[in-house]
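Chain H: place on chain Z using the hints.
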Amino acid sequence: MTTVIDQAQQDIVDEFAFLGDWTERYQYIIDCGKSLTDLPDEEKTETNKLHGCQSQVWLVADRDGDRLTFRAISDALIVSGLIALLLRIYSGRTRQEIASSRPWFVEQLGLKDHLSATRSNGLASMLQAIYQHAEAVSA
Amino acid sequence: MSAIPRSDSHFDVSAWRADFPALRRTVHGKPLVYFDSAATAQRPLAVLTAMDQFYRQYNANVHRGVHTLSGEATDLFEQARTRLTRHINADSEREVIFTRGSTESINLVAQAYARPKLQPGDQVLISTMEHHSNIVPWQMVCEQTGAELKIIPVLENGELDMQAVPQLLTERTKILALVHVSNAVGTINPVRQICRMARERNITTLLDGAQAMPHLAVDVQAIGCDFYSVSGHKMYGPTGIGLLYGREALLDAMPPWHGGGEMIRTVTFEKTTYNDLPAKFEAGTPNIAGAIGLGAAAAYLQSLGLEAIAEHEQHLLEHATSQLKQVSGLRIVGEARHKASVISFVIDGVHPHDLGTIVDHDGFAIRTGHHCTMPLIKRFGLPATARMSLGLYNSVAEIDAFIPVLKKARAMLV
Chain Z
4 MTTVIDQAQQ
14 DIVDEFAFLG
24 DWTERYQYII
34 DCGKSLTDLP
44 DEEKTETNKL
54 HGCQSQVWLV
64 ADRDGDRLTF
74 RAISDALIVS
84 GLIALLLRIY
94 SGRTRQEIAS
104 SRPWFVEQLG
114 LKDHLSATRS
124 NGLASMLQAI
134 YQHAEAVSA
Chain H
4 MSAIPRSDSH
14 FDVSAWRADF
24 PALRRTVHGK
34 PLVYFDSAAT
44 AQRPLAVLTA
54 MDQFYRQYNA
64 NVHRGVHTLS
74 GEATDLFEQA
84 RTRLTRHINA
94 DSEREVIFTR
104 GSTESINLVA
114 QAYARPKLQP
124 GDQVLISTME
134 HHSNIVPWQM
144 VCEQTGAELK
154 IIPVLENGEL
164 DMQAVPQLLT
174 ERTKILALVH
184 VSNAVGTINP
194 VRQICRMARE
204 RNITTLLDGA
214 QAMPHLAVDV
224 QAIGCDFYSV
234 SGHKMYGPTG
244 IGLLYGREAL
254 LDAMPPWHGG
264 GEMIRTVTFE
274 KTTYNDLPAK
284 FEAGTPNIAG
294 AIGLGAAAAY
304 LQSLGLEAIA
314 EHEQHLLEHA
324 TSQLKQVSGL
334 RIVGEARHKA
344 SVISFVIDGV
354 HPHDLGTIVD
364 HDGFAIRTGH
374 HCTMPLIKRF
384 GLPATARMSL
394 GLYNSVAEID
404 AFIPVLKKAR
414 AMLV
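Protein sequence lines, in the order shown, are assigned to chains Z and H. Note that our numbering has the first sequence beginning at 4, numbered continuously upward. Note that our numbering has the second sequence beginning at 4, numbered continuously upward.
Derived by calculation from the structure, the hints in this document are not laboratory data. The model shown is predicted, which means the values in this text are computed figures rather than measured ones. Treat the hints with care, as some may be off.
Simulated restraints on C-beta separations [claimed, not checked]:
hint, chain 1, residue 1, chain 2, residue 2, range
1, H, N160, Z, T6, 55 to 63 Å
2, Z, Q135, H, Q224, 50 to 58 Å
3, Z, D14, H, M377, 39 to 47 Å
4, H, H135, Z, V16, 40 to 48 Å
5, H, T29, Z, A20, 24 to 32 Å
6, Z, K47, H, S325, 54 to 62 Å
What the simulated footprint calls covered on chain Z by chain H, stretch by stretch (three residues with Cβ under 8 Å from a Cβ of chain H suffice, anywhere in the stretch; the number is not a length) [said to hold, decoys possible]:
hint, segment
7, 23 to 33
8, 57 to 64
9, 77 to 83
As a list, the in silico EDC-like pairs of lysine to aspartate or glutamate whose alpha-carbon atoms are at most 16 Å apart [claimed, not checked]:
hint, chain 1, residue 1, chain 2, residue 2
10, H, K120, H, E146
11, H, K33, H, D363
12, H, K411, Z, D14
13, H, K328, H, D403
14, H, K153, H, D125
15, H, K120, H, E174
16, Z, K37, Z, E27
17, H, K33, Z, D24
18, H, K411, Z, D44
C-beta: ideal position from N, C-alpha, C; glycine also.
Only chain Z is shown next, with the shape it has when bound in the complex (with noise of 0.2 Å):
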């Protein structure tokens, strides 16, 4: 059965298998991120602040139970607009359906250059906060 976090991440690749070349899938990337909501300047905190990101990322996680919702930002625009497609696929999860999915749509859209931990766009590091959140939550 597809899961909603498999649905949504699917959803994602079929829109960029529309795309042509790359110019055109940052285009996307970056539209993503124009159209971001920004965070309360209040919410941008260095705890909220990720490490790991060469710019600058806030991330906050609200729960209801079990249930997650994210809201993050980044001053660079390709950051937002990679977040702006995290968020799509893990905000309003279930911590459980979280933390039973895997995030193959980065290798399937070929940004797996940015998930390497050397690389400091920071998907790796958003990625990984977004995981141990749903851990958290079920501590």
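Below, chain H alone, put in the same frame as chain Z:
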């Protein structure tokens, strides 16, 4: 290595470029344009060959064996030191210590020279434009000794505030540690003048020369500094190797830093006596191939001529500066009167990381971020800049090709 071909207005750099195998590769299907030499330069074939030959034919430990290979390896290692001694015009080989790089050189001076000398209330003077490697070692030694770190401010144009310097050189100032050429904004500091001011007040000087070595002919005696740090990989040599130049009288009086083999004369459990300079500061088996590679890099730069390199790079700097200014919303950060070919810039409304990511897809390697100079970038009120650093192999054509790519990236991001 090739003679300098000249065209009417500037060098035809293609012969120099041909010496660098890495420049032949492509990135994302586009020819690589390498504008990140200030982070690390590419290596010429002469350096690669010297290191390869050492491992293939001469590999043995140095200063130890009586066998032929060990003797030959020692000769090559010490020939490299001699070449580098002449390259920076040190007085003798005893003043040239192999280290892992500029960072280790500065730490060596901070721990073996400054730490025993500094008293609570003494001052170490640095500047706002230092690389973290010329900040943190001094912060550490200040914490250890109770000395105080003082800072020479930087002006809006990226130059040192020279008017502030005399008041900052006080009776309590024991050490002045200053970058020769800024890796972030390219400023060439008036080091002779500042070293003279320090000398008149009996203040010991260390210059961080990591970024000067690839661009300028450095003469440590003419500059008049006490210590000078060098990184191999910024001057087209290997990574993991560098130099510390120190005046012999100072090095001689300093205690050893790292203990181990090579740096000793005799070891007993009661007492160990130390070796002479420079071995006293070279504990353990050194980076032999690295040292030989660094010697080859110096020979390579001499074969092209540092004056010819500087002339070519100044031409590139002027051309790039005027072309970048054609891009709307672009502002150059740091426009000192004396600059090496390093250009930091920002574009209104565009995050440098986004810019760097997009131009990479067109084959252009630029650096984005704080360039390990967070206090300097903060001084300009910025979180980051994009940096284009030009080396001897870069061309006017590459700069011209970059401008439309930059404009396209801006159009995508604004």
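Hints versus structure:
1. H:N160 to Z:T6: 55 to 63 Å: holds (58 Å)
2. Z:Q135 to H:Q224: 50 to 58 Å: holds (57 Å)
3. Z:D14 to H:M377: 39 to 47 Å: 40 Å Cβ-Cβ, so the 39 to 47 Å window holds.
4. H:H135 to Z:V16: 40 to 48 Å: With Cβ atoms ~41 Å apart, the hint holds.
5. H:T29 to Z:A20: 24 to 32 Å: holds (26 Å)
6. Z:K47 to H:S325: 54 to 62 Å: At roughly 38 Å between Cβ atoms, H:S325 and Z:K47 fall outside 54 to 62 Å, so the hint is violated.
7. 23 to 33: Answer holds; 5 residues pass the 8 Å Cβ test.
8. 57 to 64: holds (count 3)
9. 77 to 83: holds (count 5)
10. H:K120 to H:E146: Answer holds: H:K120 to H:E146 is near 14 Å, not above 16 Å.
11. H:K33 to H:D363: holds (9 Å)
12. H:K411 to Z:D14: With a Cα-Cα distance of about 29 Å, the restraint between H:K411 and Z:D14 is violated, given a limit of 16 Å.
13. H:K328 to H:D403: It holds: about 12 Å lies between the C-alpha atoms, which stays within 16 Å.
14. H:K153 to H:D125: holds (10 Å)
15. H:K120 to H:E174: Cα-Cα ~15 Å, so holds.
16. Z:K37 to Z:E27: holds (15 Å)
17. H:K33 to Z:D24: Answer holds: H:K33 to Z:D24 is near 14 Å, not above 16 Å.
18. H:K411 to Z:D44: violated (31 Å)
Going through the hint list in order, the structure does not satisfy hints 6, 12 and 18.
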